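Colleague: Residue numbers (the numbering used here): 18 to 766.
In short, the hints are calculated from the structure, not lab data. Among the clues, some could well be false.
[Unchecked claim] Calculated lysine-lysine pairs in the DSBU-like style (CA-CA distance at most 30 Å, straight line):
# : residue 1 : residue 2
1 : K519      : K636
2 : K711      : K743
3 : K599      : K430
4 : K278      : K297
5 : K519      : K599
6 : K709      : K636
7 : K636      : K703
8 : K741      : K683
Bear in mind the structure is a predicted one, so any value in this text is a computation, not a measurement.
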Amino acid sequence: MDNAGWHALRRDARERETGQYAARGPDGRFRPVEQVMPMGEEFIGGFNMSAPPSPRPPPLPPKDDMGPPATPSSSAFDPHNIRSDYAFPMPSPTVGGSRVPSVTSYEASQYTHMSPVERSNNLRTARMNPHLQFMCGPLLRYDTVDERKVWHGAALIVTADAGSVYEPYPTLRYSWDPDSPTAFQKKHGAGSVSVDLGPHPADPMSMHYNPGVAAHATYQGPNARTESTPGQELWVYVGNGGTYTFWRFHIQIPLGEHEMKVQYTVNEGQELDFFVPGRKQTMRQATYSCNGFSAGVNPEDFRGPGFQSGYDPVWVDLLAKHAERPFHVLVGGGDQLYCDGLTREPELQDWMTNPKPEEKKRYPLTQEILSAIDRFYFNHYCQVFRSGAFARANSSIPMLNMADDHDPDDLMKSPIFSTIGSRGYFFFLLFQCFINIELDGTSDAPGSHWCKSLIIGGPGAYIPFPSHSNLSYLGPTSYILLLDCRAERRLDQVCGQEEYRKVFSRMHALPQGIEHLVVQLGIPIAYPRMVFLENMLSSKFNPLLSLGRSGSLGLKGFVNKFNADAELLDDLNDHWCSKYHKPERNWFIQQLQLFAQHRRIRISFLSGDVHCAAVGILKTLVKGKKSQDIPPQEDYRYMINVVSSAIVNTPPPGGVLTLVGTLATKTHRTMHYADTDETMMPIFDKDTDGSKAKSHFIMGRRNWCSVVLDQASGDMVFEIRVEKTKGHGETVGYAARSPAPRWTPKQQS
C-alpha cells in the first residue's frame, strides 16, 4: 500500500536507470550512494550543547531520496547533509578552533564580572577524554527487569578508529539517586508542539541553552550511586574509509521506590539521561512503526512551518510528550528504517537492470557486491539513527525493536537477495538489538546470553540466523512479547513450530499475578480483509500484470521490480489474513486464547505496517440475535489489536482508505468455528480538527501510540496520537482500553 502515484514511481524508475551512480572514482572503486562521516561532538545523541538553536532547524538528509552525490563547496555545505562520498564535517563558527556560544546582553554583563577561569568553566562544552570520534550513538536498549527488581539494558556507540583513542577502552558512567524527586515539564498550550527539549537541531522552538548550568550535575544524596562500565568490542566494520568499532556497554540499575532519572556519559563527554520506573510502577511505553518514506514520496510534502524536514514533526510531538511525562521504553514495531536505497548502489546496477527475472535469480554474488551491501547497511543505519528528532529519542528512551518482513519468497533463494536478507538481519541485530551472534552465541539458557529477555527460536528459513524474540518485563502485572516474524518466515509460514514452542513455554513460566501481555506483531492480526484483491492480483489472467511487465500505459510500477509479480500482492501475502497464513493465524489466536483462559491474563496486540491507525477486536461469538456480548473484562477471548502506523511515511491513497473503511464494517466468520467473532472498534468519532470523521474505523494520518496502565481500573490504555495537520506534528489522542482480566473459574470453563 506504499504506492504514491504512477508519476512518482516513473520518476523514481528513470532516476534509477540513468546509470549515473555506476561511475568509478579515480581509485577504481564505485562511488557509494550514501556515505557518512564522523559526527561533530556537539551533535552526539541528537544534541547540540555548544550553541543555541536557530529559529528554524538545520535541514536533515532525506534518507531514501538517493539523489546524485554532490561535491560540497566551502560556501554551501550542510553538516547534516553528509551523503557525499567526499563530505567533511563542517567547522563551527570559531575563535581559535573553539565554537563561541551566543549570549544575551544580560548574560554578557554577568560574564564581565567573572574571572577568565570562571568564564571558561561556565561556557565550555564537555569534551570526551580520551577522545572518541563518533559515527553513531549513543543508542539505548532496554532488556528486562529480573526477579530481584534490577533493570537490565545496554548502550551502543560506533566510533571511527582513526580518530579515536582507546587507551583505556571507552567507559560509560551512569548515576542515579533513588531519593531524588523526578521533575517533569509542564504541559504547553494547545496549538504548540514546542517543548523544553534543550538545544536539539530538530526542535524549532526549544529553549535557549543556559551555559551557566554545570555540564555534569552529579547526585549528592546519601543513597546516590554512580557506576562505570567499560565498553565491550562488539564488532568492527572495515570499509574503504577505514575501520569502525561497535562498543556495547551493559547497564544494571536496582529499581527504587519511585521513578528515577538516570544520567549517563561516555568518556566524560556530554551528559544524557533516561528514566526507569519505580518497583511498583508499570512502564510508560511509546510505540511506533514505519520510520521513513517510501520510494517516490516527497518528504517536502510533510514539512510543516518551522521544520526543514518531513521526518521530524511527529517525532518532535513524541519527544514533547516525553518531556511532560517521560516514557520508559520506545517500542519499534517494524520498519525502523527503510532500505529501498540499497537497490541504487552502483555495484548492484547490472543485477537490478536485468529485465529477466529468472536470470536475476541466478545472478552470482561477487565480493564487490557483498562489500557494497555491507557498506550500504552500515552507512544507512548510522545516518538514520543519528539524525534529527529520532536520534534524540533513541538516546533518551531505551529501545525495544522487532524486525518486519516484505521479501518475495522465491527470491530469497537467489544468491544476491538471500545475502541482502541475511546481512539486513545481521545489521538489525547489531544496531537495534546490540547483538552479534559470533560473540554472543545462540543459546538462551539462563545465564548464557547477556540479553535475559531473549527467546532463540528455530533456524531461519533463508538466512543463517535463528529467530530472536523477546519477552520483557513492563511492570509488576505486565509483560511485552516481541515476536520475531522475520527470521523463519516463508510464503506459507510466519513463525516455525520451534519458535512457537519456546515462546509459549516462556510465556507459561511468567510469574503469578501477571494480568497483561502485550504482543507486538509487525503486521495486524485483526484487520479488514482484502481477499478479493489478493485473488485478483495472483491470477495469471490479470491483464494489468502483462501491461506492467511490458511497461505499457505507465504501469511499470505496478509490478515488483525483482520478480515481476504484482507489487501490492507482496504486501497482501505478508498479512496474517492472506490465504497462505490464515490457518497459522487462526491456530495462533486459539493458542493465545487457551493461554489467556488458563493463566487469567489479558492479551493485547500492537501492530504497524499498513500506514494508518485502527483498532481490531477479537471476542467471544454470542449466537442469537437477541443475545448480548459478554462484558469485555469477563471475556478471555477479548483481545484488541491496536494498529499504529506510520510515524513518518505517507498514508495510503484516499481510495484505499475508503475501501478499507468499508471493509471494516464487514462481518468476518473466519473463526466462528472457534466461537470467536471479529470486528473493528469505532474509535474515531471525530476527525483531528473536530469535524465528522470520514470513517469511524480507519484514520489515514501519521501517528504513534502511547501505552500506560490505568492504576485505578487495571486497564491497559492505548492512546493513538494522530497528527492533527499534515506536517505540523501536533497530535490528537484516541484511546482504546484493554480491560484487566476479571473472568471467574466458572466463566473459563
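Colleague: Mind listing which of the numbered hints don't hold for this structure, in increasing order?
Modeller: none
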